[in-house]
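Could you put together the complete structure from these sequences and hints?
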Amino acid sequence: MRAVCWQGTNKVEVETVPDPKIINPRDAIVKITSTAICGSDLHLYNGLNPTMQKGDIIGHEFMGEVVELGRKVTNVKIGDRVVVPFTIACGSCFFCNRQLTSQCDNSNPSPWGVEQLMGYSPSGLFGYSHLTGGYAGGQAEYARVPFADVGLFKIPDGLTDEQVIFLTDIFPTGYMAAENCNIQPGDTVAIWGCGPVGQFAIRSALMLGAERVIAIDRVPERLQMAKLSGAEVLNYEEIEVGDALKEMTGGRGPDAVMDAVGMEAHGMGLEGFYDKAMQAVKLETDRPNVLRQAIVACRKGGTVSVPGVYTGLVDKIPMGAFMNKGLTMKTGQTNVHKYLPKLLDRIQNGDIDPSFVITHTMPLEQAPHGYEIFKHKKDSCIKIVLKPGLLDSPLTTLEPFPTSL
Amino acid sequence: MEIKSTSSNKSPENVGDTERWGSLITGGALVLTGLSQRSLRGALMAIAGGTLAYHGAAGQKSLADTVTEAAGLDKPIRVEKTVTIQNKSPEELYTFWHDFGNLPTFMKHLKSVTVISETRSHWIANAPLGASVEWDAEIITDRPNQLITWASVEGADVSNSGFVRFQSAPPGRGTEVKVVMEYSPPGGGLTAAIAKVFGENPEQQIGEDLRRFKMLMEAGEFATIEGQSSGRRS
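Chains as they are written, first to last, in our numbering: chain A, 1 to 405; chain B, 1001 to 1234.
FYI, nobody ran anything at the bench for these hints, they're computed from the structure. Among the hints, erroneous ones may be present.
Stated by the list, open to error - Which residues of chain A face chain B? A few of them, derived with a C-beta cut under 8 Å, are:
id: 1; residue: 3
id: 2; residue: 17
id: 3; residue: 20
id: 4; residue: 93
id: 5; residue: 108
id: 6; residue: 124
id: 7; residue: 133
id: 8; residue: 134
id: 9; residue: 135
id: 10; residue: 147
id: 11; residue: 149
id: 12; residue: 279
id: 13; residue: 375
Said to hold, decoys possible - Restricting the straight-line Cα-Cα distance to at most 27 Å, the calculated cross-link-like pairs of lysine-lysine (DSSO-like) are:
id: 14; chain 1: A; residue 1: 11; chain 2: A; residue 2: 387
id: 15; chain 1: B; residue 1: 1108; chain 2: A; residue 2: 72
id: 16; chain 1: B; residue 1: 1081; chain 2: A; residue 2: 21
Unchecked claim - Chain B stretches covered by chain A per the calculated footprint, using a threshold of three residues with CB under 8 Å from any CB of chain A:
id: 17; segment: 1095-1107
id: 18; segment: 1207-1216
id: 19; segment: 1221-1227
Using N, Cα and C, we set each Cβ at its ideal position, and we do this for glycine too.
Okay, structure coming up:
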């Protein structure tokens, strides 16, 4: 089959690799119809994860058709159309029993390394380095899905791939991040990062009853999309965000703040230079500019929600502000299995059509080009869906997103 | 039948250690850290109530033993690992474990365990290049649904002893399974012999075996990526 393989920093290639096969009784093989590039894939692309190995098949947002089943998978059938959570969960451990499926005890086959770093290992993830199990990912024609009896969700007829594919990650991720904001009536939520997760977080916060959402980014088309989602927007290159948030919230500050950026935040000025230097000499693995700003901007007694991905160490977190203001922080990889059914209902009810976030659809073969324009935010790129079924036809782009505010 | 201890347990502080070991083995909250380096086998014997012959007074050490000890070659390798297994009772876990023929299913280095009698079994472990190491083990204490302690008998390629304990966690929190094992030196060749069986890091190996036990009991299979596709260029 053809698959997107990581071959080094800034280097992914579409290669011919062996077809996946059933290894365990609870496995299934899915023939992929749609697969997306996630913002967190860019952390791998940018070479920030030292446990990537050349040849690893990447990608963790994928869906398709069941073509083969292990003997213990009886709740889905060959031919079923399914979406696949990016977190791999056994369904029967202490954490799965509590719906904390991103913390599954049994799905990381090599947890020894991550335990040295984090004390305990979170769940295995598709296509996301050997820290999280080294599972082959879903930017491919086929994928092997372990624990398929709990890791495949059947899609009802009448919904397009584009409407449901983001149930694999970014819609539940944005939703869980909004839920983690502990939204009360009248609340204002400030969200840093208007990438795909930020976009779903904006809409989810409003669905969960937030009075106002203030979204922060610098890329015009992303701010424009945030505005269409119902947020007020701030461009951090044009305005001092902390002061603006204080003014916009009557001097009290946002009730909840969200870091939907994570470890590769683009810092400004001296602080940004400091973090890039620290990261370059490996004294810091992650650049926490947004997290710092969010903690300081949050109102007293408020909540800090962190869906943005961090993997290692950060430097100079304003712990004094965090402690003295009595803040609460909630974070984690997404417990996709928990949220997926109710978000599927939301889509069926017409509460949301997740396809709004797609700016580009292209053949799987053009994945290297996709990574390039996504990384550099070229061509107004916000979200790319790859189609293994499309032959290497000319690039198809949806109508360009309006860039003026 | 005789199980030989390598430790010297007659001094007062070692008697104290034996009591602490007893507390650990039978379910006290102690962890291994801080216990003396040379008393597991003796403690296992003491718990068993002295039904087995037990040698090991300091005066019985041979010159070779004394030299080995002075050179630091006799440091036993001791590993303690605990996992909590959800939705399985101590009874279920004990029963599976006590059928020793099941152990190679999740203990990667074991080739086979053959039960010879109610208390004795023969163990064969894989070593590199098709070689293997073998020993007979004797159950010292067997408390159904709670505790199995064992020690290898004389003539073992690698002298070893240990226990596995099954204990209910608070309601709804599963069953805790604790394994403590010790590899005692027959002589200076220990390090090489252990390395053959457990590789560079016995603690990691045994930890992974215990984790595989947990995977098997909870998920019914072992998570793996062996045999999956990749674009690796060999």
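Verification of the hints:
Nearest Cβ of chain B to the Cβ of residue 3 of chain A: about 6 Å, under the 8 Å cut. The hint holds. Taking 8 Å as the C-beta cut-off, the interface hint given for residue 17 of chain A holds, the closest approach to chain B being about 5 Å. Interface restraint check for residue 20 of chain A: the shortest CB-CB distance to chain B comes to about 5 Å, inside 8 Å, so the restraint holds. At about 5 Å, the closest approach between the beta carbon of residue 93 of chain A and any beta carbon in chain B falls short of 8 Å, and the interface hint on this residue holds.
The beta carbon of residue 108 of chain A comes within 7 Å of a beta carbon in chain B, closer than 8 Å, and the hint placing it at the interface holds. The beta carbon of residue 124 of chain A is positioned within 8 Å of a beta carbon in chain B (closest approach about 6 Å), and the interface hint is therefore held. Hint status for residue 133 of chain A: holds, given a least beta-carbon distance of 7 Å to chain B, under 8 Å. Proximity of residue 134 of chain A to chain B holds as hinted, the smallest CB-CB distance being about 5 Å (cut-off 8 Å).
The beta carbon of residue 135 of chain A is positioned within 8 Å of a beta carbon in chain B (closest approach about 6 Å), and the interface hint is therefore held. Restraint check, residue 147 of chain A versus chain B: the minimum CB separation of about 7 Å is within 8 Å; hint holds. The criterion of a C-beta within 8 Å of any C-beta in chain B is not met by residue 149 of chain A, whose closest approach is roughly 10 Å, and the hint is violated. Using the Cβ-Cβ criterion of 8 Å, the hint placing residue 279 of chain A at the interface with chain B is not satisfied: the shortest such distance is roughly 28 Å.
Given hint, residue 375 of chain A at the interface with chain B, is violated; its Cβ is 20 Å from that chain's nearest Cβ, farther than 8 Å. For the hint pairing residue 11 of chain A with residue 387 of chain A, the CA-to-CA distance comes to about 20 Å; that is within 27 Å, so the pair holds. Restraint check for residue 1108 of chain B and residue 72 of chain A: satisfied, since their Cα atoms lie roughly 23 Å apart, inside the 27 Å limit. About 34 Å separates the Cα atoms of residue 1081 of chain B and residue 21 of chain A, which puts this hinted pair outside 27 Å; it is violated.
Restraint check on the segment 1095-1107 of chain B versus chain A: 0 residues with Cβ-Cβ distances below 8 Å, three needed, restraint violated. Under the rule that three or more residues need a Cβ within less than 8 Å of chain A, the assignment of the segment 1207-1216 of chain B holds, with 5 such residues. Counting residues of the segment 1221-1227 of chain B whose beta-carbon sits less than 8 Å from any beta-carbon of chain A gives 7, enough to reach three: the coverage restraint holds.
This entry does not satisfy hints 11, 12, 13, 16, 17, going by the numbered hints stated previously.
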